[in-house]
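Chemist: Top to bottom, those sequences are chains A and B.
Numbering of the first sequence is given in my numbering, commencing with residue 1 and proceeding in unit increments.
Numbering of the second sequence is given in my numbering, commencing with residue 1001 and proceeding in unit increments.
It is worth saying that the hints were derived from the structure and are not from the lab.
Hints are supplied without guarantee of correctness; some may be wrong.
[To be verified] Quick list of in silico lysine to aspartate or glutamate cross-link-like pairs, DMTMM-like style, CA-CA up to 25 Å:
no.	chain 1	residue 1	chain 2	residue 2
1	B	1122	A	76
2	B	1164	A	375
3	A	79	A	100
4	B	1060	B	1048
5	A	216	A	35
6	A	287	A	411
7	B	1291	B	1049
8	A	216	B	1048
9	B	1220	B	1053
[Unchecked claim] Looking from chain B toward chain A, a few residues come up when the C-beta cut is under 7 Å (computed):
no.	residue
10	1058
11	1061
12	1076
13	1117
14	1120
15	1274
16	1278
17	1356
Model, not experiment: these values are computed from the prediction.
Positions of the beta carbon are idealized from the N, C-alpha and C atoms, including for glycine.
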Amino acid sequence: MWVAVPFLVAALFVGLYFAGQSVPTSSNANAAAAEPMTIIGIYVHAFFLSLAVGLPYVVLPSEALGIIRKDKEFIEAAKRISVVWAISFGFGAVTGTLVEFGLVQIWSGVTLAIGSFFFIPLVFELFAFLTEVVFLALYLYTWSRMKNLWLHWLLGLILLIGSSSSGALILTANSWMQTPWGTGPLVQAILPWSPVMGPSAVNSTALVAIYNTLPKTGSLVMASPNVISSLGYLLYDPYVVLFNPNAIVTTAHTILTTIVIAAFETAAIFSYSYLKGNGGKEAFFLKTVRFSYGIGGIGTILTIVSGDQMGRIVYSYQYLKFLSMEGFRGGLDPIIGLISNFNPNYIFPSFNDLAATAGKSIDPPSALLTIQRAEQIMPVLSTLYYAMIISGALLLIFSIASLGLYSPGMDALVKMVIRLPTERFVLYSSFAAAFFAIVAGSAGWAVRELGRQPWTIYGLVRPEQVITPNPITPLFSYFIILVEGMTFVCGVVALYFIPTKSLMEIAKQVEVIRG
Amino acid sequence: MLAFTPVSWMAFLLLGLATLVHITFVNLVLGFSVIIPFTEYMSYRNNDEKLMEVAKRTFKYLILTDLVAGVWGTWITVALAGLWPTLTYIATTVLFVPITVALVGILIAIPSIAIYWYTWGKISKGLHLFVGCLMAFGALLVPAGFRMIFAFVDDPVGLNEALKGNLYAVFGNPLYPALVGWSWCGSLAMSALVAAGVYAWMSKGSVNGEGLKEASYFLKLGMPFLIITAILGGYFFFSLQTASPYIFAAITGNTTIAQYNFLPAFLLYPILILIAGGSALGMYKSAKQGKFSRPVSLALVIAAFLMVPLAEAVDDAARAPYMVIAGSAGLPANAFANTMIPISWIIAELAVTIAVVVMATFLLGIYFIYRVKTSPITEEPL
């Protein structure tokens, strides 16, 4: 406990420093001040969420194998991992609350979208979340309490559907911010190079009025119920959001990514237990490593396939993001041409070509700003993008190499290349695999979010237009980041200690060492 | 007379239902979050193993009630943002500080509940109690923040000042202190008396002490808070007369000002307080003779369980058809309800029906979890 004291003192001093910093006076500065805590909050949430969504895909196959093969070790593995799953769900729910409040309180203008475009996904998500809560509790409490083991497994399956649906619906809302599906040619009217965003299910007059009002009033327009009601319906078909092609691909790609992260993290934890050699349960640890590594491998291959589809969606609907993440200024690139258009001689429109079309926009300065921002962000975005690609490629190599566990030929190849049997390679590489899976997932999400700059809702709404009118003081921002950091640390500590051993045991060990 | 539109009707009912379930269970969470670490402390102080067992057993109820409260809390947030977007915007902008306080409370309370449970007996007593204190502190912070929303919609003090940047002006609301105090003491009284009634019921009137000691302990905890709750409730009632005359008129049956008469429902509140107080006192006296009357303990559980949610429901419903009260009138719910998407009467009625069915199924699910949890472990089939 005393270890925490220097950190708390340091935190206090840093807090005093931030208390002396100036308060933002413009909505642009306010949005910039709010961004760090939002980004950190989302990543902390994503850390726990990736486990909460991905682990069911490790737990349920393990339990199913245990039931089919009448193998207690697979059941034991499923039981152990389900504790981690429960803790990550708990911390996911806590950090989700933080993100939820961050959205309605800090980015309060987003309530305009919550009341219209996000309405259906969020209402459906409530039911998914409810399913998740009830069935998680049922699943955890009914281990060894049901005579028919498949009935227990079925509870887990419903839970898996609940957690994946919950993720899918939140991703659907996020995808709408990337490609505002159902707005028809509206985005194209502002960003002329953009394609039509699906059918026109919106009240274009009202949305154009909002588009013109937001830069003048900021989110304060929402404080006037009369103004909002005078606009009439914004969206005629609230279900259109569910048919966004971006949402479908994003859901598949993101959920597969969570499976990869969860599976390789499980493999890493059990490898650690194996290599440490505690408890004489090495055979059990090794079996779980092999199993979870296999799930990670299958997930990796599927993620790469869905990642290709994701890239095509970005190319089709967010061409500027595509250029920035590829680190490509347009023109001729045989490889990119072959992959994206099956034509190595394809000439890609350049930034200058797009800038030339800005005159067709109903808001040329915004069109030009979008191009300018894409050029500015290119070095960061392409670095992140290639970090994701390289990590994914390494995971693919690891996955293929792990086939040596089952194929003598591949085992021989692995031995020849790294002079280790595949089993050892899998044990050691599981740590790197977990690391690269996290890097790939984090970098991929950063590309997705940074790539839509300078827009919050692509082509329609900017961050400074939805930020709260209340100043986000440096001290407030620091305080929230501190809370986010502490929540993360508590969560990681809980994830490690609760399923493994008690702190008391560690304290006893320390006492023994101290003599 | 102001009429509801389909969307405002649906929004009013969905928000009301979710709030009612949430408030009912969150009061138990709040009360137990304070009572349990206190009980743990008392068990150490008196070297009383039985009290420790009581704390642990009560904690399991806390987890289940927190599940219910948490889920419906999320429903409230989505119902507010989705169905009352402008109201949510105004609330989060004007009540920025109190909502942040509540959020910090949630962030402290939920992880500390998990840590408290999983570290029980695994870390030193002092450290575990410290985590318990954190849990109690976080739980108390939540109403300290959120009660401002309720005070604000009853009497929107500080609205203009907050929109000009003075975010602390809302703390001048005369209803706020009474409401927070009432929430704190009400939840403690409710939780302790419900627990007392349950233990007394489980004792089956026996004189062998099974459940007797626990019930007496909770009675001693709950009764002082019941008295304070009654006093604060009275103070809040009289504050309404000047701060929110429309609500005062509605709950006193003055239909020349209010559109609906909530006097009969409101009268139930002091009746429930009297039943809870009377049955608690009766049980306390009979406990000294080593016995409990089961009907009296049942009356205590019912009265204690209903008194706080009933008062909440009456205060919230008395605003109808207004969403925010300003003196003897208010801003109608229709003005704040979502007008951005088409919602017909059929959709509205269907949504409310589905929500009621889901709510009932969810509560049944929680009951089933409780049953499963207390059922014996079967033989390992493999």
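Chemist: With reference to the structure, classify each hint as holding or not holding.
Modeler: Verification of the supplied hints:
1. 1122(B) x 76(A): At roughly 23 Å apart (the allowed maximum being 25 Å), residue 76(A) and residue 1122(B) satisfy the hint.
2. 1164(B) x 375(A): violated, 38 Å
3. 79(A) x 100(A): Violated: residue 79(A) and residue 100(A) sit about 31 Å apart, past 25 Å.
4. 1060(B) x 1048(B): Judged against 25 Å, a Cα distance of about 20 Å means the pair holds.
5. 216(A) x 35(A): Status holds; Cα separation ~21 Å.
6. 287(A) x 411(A): holds, 17 Å
7. 1291(B) x 1049(B): Between residue 1291(B) and residue 1049(B) the Cα gap is close to 22 Å, so the pair holds against 25 Å.
8. 216(A) x 1048(B): Violated, at roughly 66 Å.
9. 1220(B) x 1053(B): Status holds; Cα separation ~18 Å.
10. 1058: violated, 18 Å
11. 1061: Status violated, d = 13 Å.
12. 1076: violated, 10 Å
13. 1117: Not OK, violated: residue 1117(B) not within 7 Å of chain A, min 10 Å.
14. 1120: Violated, because the Cβ-Cβ distance from residue 1120(B) to chain A comes to roughly 10 Å (cut-off 7 Å).
15. 1274: violated, 37 Å
16. 1278: Since chain A brings no Cβ nearer than about 37 Å to residue 1278(B), farther than 7 Å, the hint is violated.
17. 1356: Residue 1356(B) check fails; min Cβ-Cβ to chain A is 14 Å, beyond 7 Å.
The structure shown violates the earlier hints numbered 2, 3, 8, 10, 11, 12, 13, 14, 15, 16 and 17.
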